[in-house]
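Take the given structure of chain A and dock chain B to it, following the hints.
Sequence lines, in order, name chains A and B. For reference, each letter of the first sequence is one residue, going 1 to 294 in the UniProt record's numbering. For reference, each letter of the second sequence is one residue, going 1 to 294 in the UniProt record's numbering.
FYI, nobody ran anything at the bench for these hints, they're computed from the structure. Fair warning: this is a prediction, and the values are worked out from it, not measured in the lab. Wrong hints could be hidden among the right ones.
What the hints assert, rightly or not - Derived lysine to aspartate or glutamate pairs resembling DMTMM-like cross-links, with alpha carbons at most 25 Å apart: (1) A:LYS255 with B:ASP64; (2) A:LYS276 with B:ASP208; (3) A:LYS52 with B:ASP208.
Claimed, not checked - A few chain A positions that, by computed beta-carbon distances, are all more than 10 Å from chain B: (4) THR75; (5) GLY94; (6) ALA101; (7) ARG124; (8) GLU234; (9) GLU268; (10) LYS288.
As the list claims (entries may be wrong) - Footprint (simulated), chain B over chain A, 3 or more residues, beta carbon under 8 Å: (11) 19-31; (12) 173-183; (13) 200-213; (14) 279-286.
We put the beta carbon where it would ideally sit given N, CA and C, even for glycine.
Number of protein chains: 2
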Amino acid sequence: MGQDGRMAKEKRGRTDRGGLLEQLRVPSGPVDLSKYDTRATPGFTGTKDDGKRALEALGTEVSDWQERLFAEGRTGGQRSVLLVLQGMDTSGKGGVIRHGAGLMDPQGLKITSFKAPTPAEKRRGFLWRIRQALPAPGMIGIFDRSHYEDVLIARVRSLVAPPVWNRRYGQINDFEAELAANGVTVLKCFLHISPEEQKLRLQARLDDPTKHWKYKPGDVDERELWPAYTESYEAALERCNSPESPWLVIPSDRKWYRNWAVTTVLLETLKSLDPKWPAADFDVPTEKDRLAAT
Amino acid sequence: MGQDGRMAKEKRGRTDRGGLLEQLRVPSGPVDLSKYDTRATPGFTGTKDDGKRALEALGTEVSDWQERLFAEGRTGGQRSVLLVLQGMDTSGKGGVIRHGAGLMDPQGLKITSFKAPTPAEKRRGFLWRIRQALPAPGMIGIFDRSHYEDVLIARVRSLVAPPVWNRRYGQINDFEAELAANGVTVLKCFLHISPEEQKLRLQARLDDPTKHWKYKPGDVDERELWPAYTESYEAALERCNSPESPWLVIPSDRKWYRNWAVTTVLLETLKSLDPKWPAADFDVPTEKDRLAAT
Chain A
1 MGQDGRMAKE
11 KRGRTDRGGL
21 LEQLRVPSGP
31 VDLSKYDTRA
41 TPGFTGTKDD
51 GKRALEALGT
61 EVSDWQERLF
71 AEGRTGGQRS
81 VLLVLQGMDT
91 SGKGGVIRHG
101 AGLMDPQGLK
111 ITSFKAPTPA
121 EKRRGFLWRI
131 RQALPAPGMI
141 GIFDRSHYED
151 VLIARVRSLV
161 APPVWNRRYG
171 QINDFEAELA
181 ANGVTVLKCF
191 LHISPEEQKL
201 RLQARLDDPT
211 KHWKYKPGDV
221 DERELWPAYT
231 ESYEAALERC
241 NSPESPWLVI
251 PSDRKWYRNW
261 AVTTVLLETL
271 KSLDPKWPAA
281 DFDVPTEKDR
291 LAAT
Chain B
1 MGQDGRMAKE
11 KRGRTDRGGL
21 LEQLRVPSGP
31 VDLSKYDTRA
41 TPGFTGTKDD
51 GKRALEALGT
61 EVSDWQERLF
71 AEGRTGGQRS
81 VLLVLQGMDT
91 SGKGGVIRHG
101 AGLMDPQGLK
111 ITSFKAPTPA
121 EKRRGFLWRI
131 RQALPAPGMI
141 GIFDRSHYED
151 VLIARVRSLV
161 APPVWNRRYG
171 QINDFEAELA
181 ANGVTVLKCF
191 LHISPEEQKL
201 RLQARLDDPT
211 KHWKYKPGDV
221 DERELWPAYT
231 ESYEAALERC
241 NSPESPWLVI
251 PSDRKWYRNW
261 AVTTVLLETL
271 KSLDPKWPAA
281 DFDVPTEKDR
291 LAAT
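So that you can see chain A by itself, here it is in the shape it has in the complex (with noise of 0.2 Å):
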């Protein structure tokens, strides 16, 4: 690629230097979701398909910083990363593991997706099934849901009387106070999109065979209760938002965007934990001069 090509596309793609992060951040205070514009692309000038081959462009960096992460983890230390994804049906939780998180190693991602809890997890408290699923020293965890579906499904749906569900949004803090406290730095993303284009994206899985497992009908009821889980996501975001576990709200009417904006806080963040190769434990000249002499 010429000089010229090459002025070219810089003009394109990541247009700011700074953190993503911090422009995706919400700062603390109230929070006003018809605020945030789900089709604008923060960060990012270009096109869909320039979106595409930035998120592509991402694989090696954020695999490499993926594996010393990894192998930090596999030689005693302790910290470890959780990316917990929430937004409406259809907003893309699982298209941002399969695009984002695909471009990484598996072997060093634990998913868990949690659908409703069972009899025997409830009695356990509803933060008890979250400690189990949460990653090991090394790895990148993520969450398809999580513990904050107990202040939206729980409080839009009247699962729980509301002082019950009032409490959580402190035992949140304090579970994700501990978390930091014990390396686990946690990463919440919300896919915010429109009620409108989740339409769109309900009739394309109607109108695709090959999508109706997608589907339930129940997924039409929901979209009457649409302000009702605005008004829940917006206390959540608002109430359990600290500086060591923020939220980040992600427009995501555009699937490139969302895609690209996830993978980029993410590795902002596996950079910002700055993992170091491990040193070696042993004598490296010694089992050179072992390994020659088999």
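Just chain B now, with coordinates in the frame of chain A:
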């Protein structure tokens, strides 16, 4: 690409349109691993670059079949696939997962890396932790080492008495027959390298500070036991080789061939299961109307 380019391309790559799985499968009867060339590339003609391209080209197809199996599992299906990877140190079990399994959606993978069993695991019998790690319906499980370690290192290092490891072959056969009956298709791949190739790979780990964490001085000591491990592998490949749970020998001195071959036999296995996209369990026109009304 023009017609000529296409034709030239077809001369490279996959040479046998029949099944690679059948080609690599170990025939019943005594096994002599010295008869298997570790640098061979059965079923493939071409260069390393051709092989890498051929692997990349499998990505879409293998992901598609993976998703069909996953969809089946989400709609009542009970089938799953279990890929067992065994081989000497540096044979590339991790590399196959990174480069082959890495082509698929990580949501549909369950990867388990088995280390030495803990005392609590030992008390429960050698198959207990294996059962814990089995893939759920719709999932592709991958074992990086497995219950075969209990007739490999356990035999070579005399970790248990001979009657104990000797009894395990039958226990493994019973276990794998039970898996087959329960819808778990087991595919066992022995990644076959030469001792010379292992030496080069260990040297490479010693030469590269970013790989020191992968090296253990014990790796050199294990090399002394190469003949004993070979004998134990031959016994396992002979005594636990059934039509339902076959052993395959994957020549693995060439990493690109190893990755392509394992991914190809996994793809063949998925295709032979032929999972169908689940039919809608709702009335599609009704749902379209309901959605349109929202």
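Each hint tested on the structure:
1. A:LYS255 with B:ASP64: OK: LYS255 of chain A and ASP64 of chain B at ~19 Å, within 25 Å.
2. A:LYS276 with B:ASP208: Between LYS276 of chain A and ASP208 of chain B the Cα gap is close to 14 Å, so the pair holds against 25 Å.
3. A:LYS52 with B:ASP208: violated, 33 Å
4. THR75: Label violated. Min Cβ-Cβ 5 Å, cutoff 10 Å.
5. GLY94: Violated: least Cβ distance 6 Å, not greater than 10 Å.
6. ALA101: violated, 5 Å
7. ARG124: holds, 19 Å
8. GLU234: holds, 22 Å
9. GLU268: The claim stands: GLU268 of chain A keeps its Cβ more than 10 Å from every Cβ of chain B (closest is about 21 Å).
10. LYS288: Non-interface label fails for LYS288 of chain A: nearest chain B Cβ at 5 Å, not farther than 10 Å.
11. 19-31: violated (count 0)
12. 173-183: violated (count 0)
13. 200-213: holds (count 7)
14. 279-286: holds (count 4)
The structure shown violates the earlier hints numbered 3, 4, 5, 6, 10, 11 and 12.
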